[in-house]
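Chemist: Taken in sequence, the protein lines are chains A and B. Just so you know, we're using our numbering here: the first sequence kicks off at 241 and counts up by one. Just so you know, we're using our numbering here: the second sequence kicks off at 32 and counts up by one.
None of these hints come from the bench; they were simulated from the model. It is possible that part of the hints are untrue.
What the hints assert, rightly or not - Footprint (simulated), chain B over chain A, 3 or more residues, beta carbon under 8 Å: (1) 414-424; (2) 433-445; (3) 478-486.
The model shown is predicted, which means the values in this text are computed figures rather than measured ones. All residues carry an ideal CB built from backbone N, CA and C; glycine is no exception.
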Amino acid sequence: MNVSKQIMNCEDYREAIAADPSESFEGGAAHVAACESCSAYRAEMRALDDKISRALAIDVPALQIPDLPPIGEDEENVVNLPFRRASKISTPAWIGIAASFALAAVVGVQFVGNGPANDQLLAAEVLAHLDHEPGALVVTDVSVSDEQFARVINSAVGTMDRGVGLVSYAQTCIINGMSIPHLVIQGEHGPVTLLLMPDEMVSSAVPLTGEGVTGIILPHGDGSIAIIGEREERIQDLEQRVVDSVEWSI
Amino acid sequence: MSSNSVDLKRRQRFDRVVSVLHRDLYRYAAWLCRDPGIAEEVVQEALLRAWKSLDALREDSAAKSWLLTIVRRENARYFERKRLETVDIDSLTPSQSAMLAETEDPNIAEMREALYRLEDDYREPLVLQVLMGHSTKEIAELMGIKPGAVLTRLHRGRIKLKEEVEKEAAA
């Protein structure tokens, strides 16, 4: 939608005024001053907006603040999240003892970056999600099928070069309300989780660290990619390879 | 400064920010999930999360966007947890019906129903623009989409509402 032209035609103006009845876009006032029909359309849109505004203003119940836990000094500036680290096991033994992952050590993970709050919230979302799918964290030499890979890395997401590594897990998951590909590749020291988030921008790289794990969320185009592995894993060696392998669809 | 004094200041800051923004948070949550009962739960969880990471909020002037982001993510988390189905307007819970029935003005009631039926992708930017006064850029940042996509959704959303209301009037 083009709302920045100095001289607008009626179609442009009507699209713009329906998107922004306050007419904060350039060129609108000049157009409407010379076009009676669009002036009437603007009045119609503003009347509609008044109705929308009143309809949205539903009654609000009294504020109830939940019981707030005390914040220890060591917790300030740190968001602690549960994160299960899988033991190293090899296929096919993992199949029989997958349930034991539920008993894997729970360790604290913290953000070491000082990025904007939104970046930290995304990091929280990413780490909380990993806890949902501990079954993904297994050491294996079995690759997912091409069909499964294609289902997850579909045209709505983009493309990914499978040369990035042995992909042992591929599922579509929800992060921040968006469906995103959750992949696991086998690193030198165990499974490495990749979350491809085409719609989640970060202002800069967001490093993650914790007992036994390390990771990063990297900006990539209009989205970002989270890479998380065992502490011994040299994530920085993977970063470029992973980023180069992914191309978002337009 | 003693830890009690730090705690007190932190709590005072939290209460100040939340009391000012509570109405916006609740209404945003209610229009995201279209259920007042769930909205209250989502806001409670969001407040708890905000309390734990209050120090991430550097400036109180950024509190609105920060808290709305937390509410948005908490809402997504809630629905991921519960695996809830989308809402069918013909089989509403009492709480959902109450949200639609609380106005006596038939024009507003009609618009509220139209908003309720509007797809999430169109309703959310409208709520953020009309109710929260967010700019296109702010909406884009909050929703993680491009400004052009925000404008397109706002335009289409309003046109759909306009058509819906005109259809009702003609019926």
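Chemist: Run the structure past the numbered hints and jot down the numbers of the failing ones, going up.
Modeler: Of the numbered hints, just 3 does not hold.
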